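Line order of the protein sequences matches chains A and B. Each residue of the first sequence is one higher than the one before, starting from 758 at the first, in the numbering used here. Each residue of the second sequence is one higher than the one before, starting from 3 at the first, in the numbering used here.
Hint data in this document are derived by calculation from the structure and do not stem from the laboratory. All values derive from a computational prediction rather than experimental measurement. C-beta atoms are modelled at their ideal positions from N, C-alpha and C, and glycine is treated no differently. Incorrect hints may appear among the rest.
What the hints assert, rightly or not - SDA-like, lysine to any residue: derived pairs with alpha carbons at most 20 Å apart: (1) K75/B with N939/A; (2) K1037/A with F226/B; (3) K176/B with L1118/A; (4) K796/A with D87/B; (5) K1064/A with L1118/A; (6) K941/A with A58/B; (7) K75/B with R1166/A; (8) K986/A with R203/B; (9) K111/B with K852/A; (10) K33/B with E252/B; (11) K986/A with K75/B; (12) K986/A with A58/B; (13) K986/A with R117/B; (14) K852/A with L112/B; (15) K796/A with R18/B; (16) K75/B with L1118/A; (17) K71/B with H850/A; (18) K19/B with H850/A; (19) K986/A with D87/B.
Said to hold, decoys possible - Some chain B residues well away from chain A (every beta-carbon gap over 10 Å; in silico): (20) P81; (21) D96; (22) G236; (23) P255.
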Amino acid sequence: MSASYFFLLSDPNVQYVALGAMLLTGSSALMGTFALLSKKSLVGDAIAHAVLPGVCLGFILAGTKEPLWILAGAFLTGALSVYLIDFIVHNSHIKEDTAIGLVLSVMFGAGIVLLTAIQKTGNAAQSGLDQYLFGRAAAINRQDLLVFGTTSVLIMALVIVFFRSFTLLAFDRHFAHALGFNVKFIQFIQTTLIVLAVVIGIQAVGVVLMAAILITPAAAARYWCNSVKTMLWLSSAFGMISGLCGALISYAAPAMPTGPWIVVVASVIAFVSLLVAPEKGMLSRSLRQRRLQQTIAQENLLKTLYKLGEKNEDFLHERTAQEIMRNLKSARPQKLLRQLLKQGYVERNNNHWKLTEAGYLRAQRIVKIHRLWELYLTTYMNIAPDHVHDDAETIEHLLTPELEKELERQLGYPSTDPHQSQIPYRKT
Amino acid sequence: MDYAIEIHDLTVAFDRKPVLWNIDAHLPAGKLIGILGPNGAGKSTLIKTIMGLIPAGSGYVKIFGQPLKEVRKRVSYVPQRETIDWDFPVSVMDVALMGRYAHTGMFGKLRRADRDIALDALRKVGMEAFANRQIGRLSGGQQQRTFLARALAQRADLYLMDEPFAGVDAATEKAVITLLREMTTQGKTVLVVHHNLQSARQYFDHLLLLNTRLVACGPAPEVFTPDNLRDTYGGNLTLLTDVANLMHQEQHPVRENKLQQE
């Protein structure tokens, strides 16, 4: 498998396409990061669709598929869409999402009309113009590479120069303004670069799928980091990987389109990120939830042993699993007991279990917090004593030592809870 | 007397609807000044207009006797907490460093000295230990302290703060007010939008009572009277509100000679 890919890369045509796709997706992902952070993801989609009439106009004016004319036309209508959205939002009662939807569909519709009109003329030079719908990555040649390369380098350089301004504008526009930053100028540069990224990006994936390579790598990158700088690196790396894989897949499997494959790879990266990223990923979240539930179940068992001991002041008394089960609502008490045994909170003597010293202290703390919280609710929040138990059941597992101390201090170390049960304090 | 802020006949309108009418006020330098008023009184609008974030319909503001443009570096602004995107990938230190941008500008390099100043600001508000924490993983009080640190790092002379005590715990409120007091003793001017009447009296040297128009402005003991408070909080001037709504409906200009807004 890897040998065949290696073989592919030695073909100059494949090299052009792979390198071209990587440059396009990498630089789009950079600007996509700022679009995402400024909550302008949808605007990116509108720009992408609005580029189509520009492509057609460029062709009509030049009479051939001259890349510079087409890029210029695309850039013009792409930028126009941004200002149109802005104009509608500021001068009418139409909200931004509606304005985006309006501009996107009107511009795309105009593009399709122009495209059809051009195709009807029977001009031989027009064949292949419809590739702008889904991308023409497979047709990237040496000359294209030069144009894309220059544009990508320009975008990267300006992102470095304007990094601070773009970040601050996305994070806290008012503060940027208050500092005397030229907000309008920064906004203009940022919009120009996003349009530029879209215009060259549509060469790879086409107007319909462009939003995907603009936003998807950035969305995936957000899962892995908490800094804008890292996010930019990751996002452009994800973009490049998608570009490279898309190009290779389309060559390895005949008749496979490049653009859509780039989008598929980007989506897979985003999906995997959503699933497995540390902290923010779904797996890590559900694992945390599970661990929390397990701790709650274990603590409830310790509490049960403590309360059984409370009846005759003998907390370290040995008890059978059956006796514990009778007093504890749990599906798998045996498993919990084994876990607690491993952690050193209980001891086992044949079929008898008892709290260790550490287990006793932990159980005592939970019971104490439970009763203190019940008292807090009844005294500070005037909640009836028969309504406070359920709240306390949750809080007892949650409270940090600092909050525990604060609670004790505010209540003044009371001796009994609202139900006249003793509040146990650790003897010092 | 030195004035930090002079407001002259300031009128501000949103979509032609006036939210501030003819405000005239002089705010002394080196004082802790509170802006008090009910919801919708235009408190935030006033400091945003002073900061140049909202254009004035008429009138003007001078800061330290000069237009804002000339003294921008010396003025720091703390926005309302709910306007911030707390999920944004920046750390506490990143936010504090933003205060230094007032001196480096859009492109200047942040020097090591700037980092030291930012870190020092974080230390002052007790957030040093959280320097690398993403801002969304802080409590409300810690978030407010972080933004205060950003303002401190700017080393400004005038601080405009929009509801710095909204949603913070009592300990933070106390720590912040002590810090603000300390700043005024060093000659800094601090202007705070505040909503709690109970604490206003003891917190501020100087008060500006606002309810779409200026009710009173002066030293706290003189201004904080039952009559003034009743004027500020007791019912809006219904005629004034009606006229404002009419101006919005008819898209009437705020001033005759301003037929075309912007």
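(request) Would you check the hint for K986/A and A58/B, treating anything up to 20 Å between C-alpha atoms as holding? (result) 37 Å, violated
(request) Below or equal to 20 Å on CA atoms is what counts here, so check K71/B against H850/A. (result) Since the Cα atoms of K71/B and H850/A sit roughly 33 Å apart, the hinted pair is violated (cutoff 20 Å).
(request) Decide, holds or violated, for the assertion that all CB atoms of chain A are farther than 10 Å from the CB of G236/B. (result) 30 Å, holds
(message) Checking one constraint from the list: CA of K75/B to CA of L1118/A, max 20 Å. Satisfied?
(response) 57 Å, violated
(request) Could you grab the alpha-carbon distance between K75/B and R1166/A and see if it respects the 20 Å cut-off? (result) 45 Å, violated
(request) Assess, step by step, whether the Cα of K852/A is no farther than 20 Å from the Cα of L112/B, and give holds or violated. (result) 39 Å, violated
(message) Next pair to validate is K111/B with K852/A; report whether the Cα-Cα distance is within 20 Å.
(response) Given that 20 Å is the threshold and the Cα spacing comes to 39 Å, the pair is violated.
(message) Next pair to validate is K75/B with N939/A; report whether the Cα-Cα distance is within 20 Å.
(response) 14 Å, holds
(message) Check the hint pairing K986/A with D87/B against an upper bound of 20 Å on the C-alpha distance.
(response) 18 Å, holds
(request) Mind checking the alpha carbons of K986/A and K75/B for me, to see if they're no more than 20 Å apart? (result) Not satisfied, since the Cα-Cα distance of roughly 26 Å exceeds 20 Å.
(request) With a cut-off of 20 Å on the C-alpha distance, tell me whether K33/B and E252/B pass. (result) Between K33/B and E252/B the Cα gap is close to 42 Å, so the pair fails against 20 Å, i.e. violated.
(message) Need the status of pair K796/A, D87/B: alpha-carbon distance at most 20 Å?
(response) Holds, at roughly 10 Å.
Comparing the model with each earlier hint shows violations of hints 2, 3, 7, 8, 9, 10, 11, 12, 14, 15, 16, 17, 20, 21; every other hint is respected.
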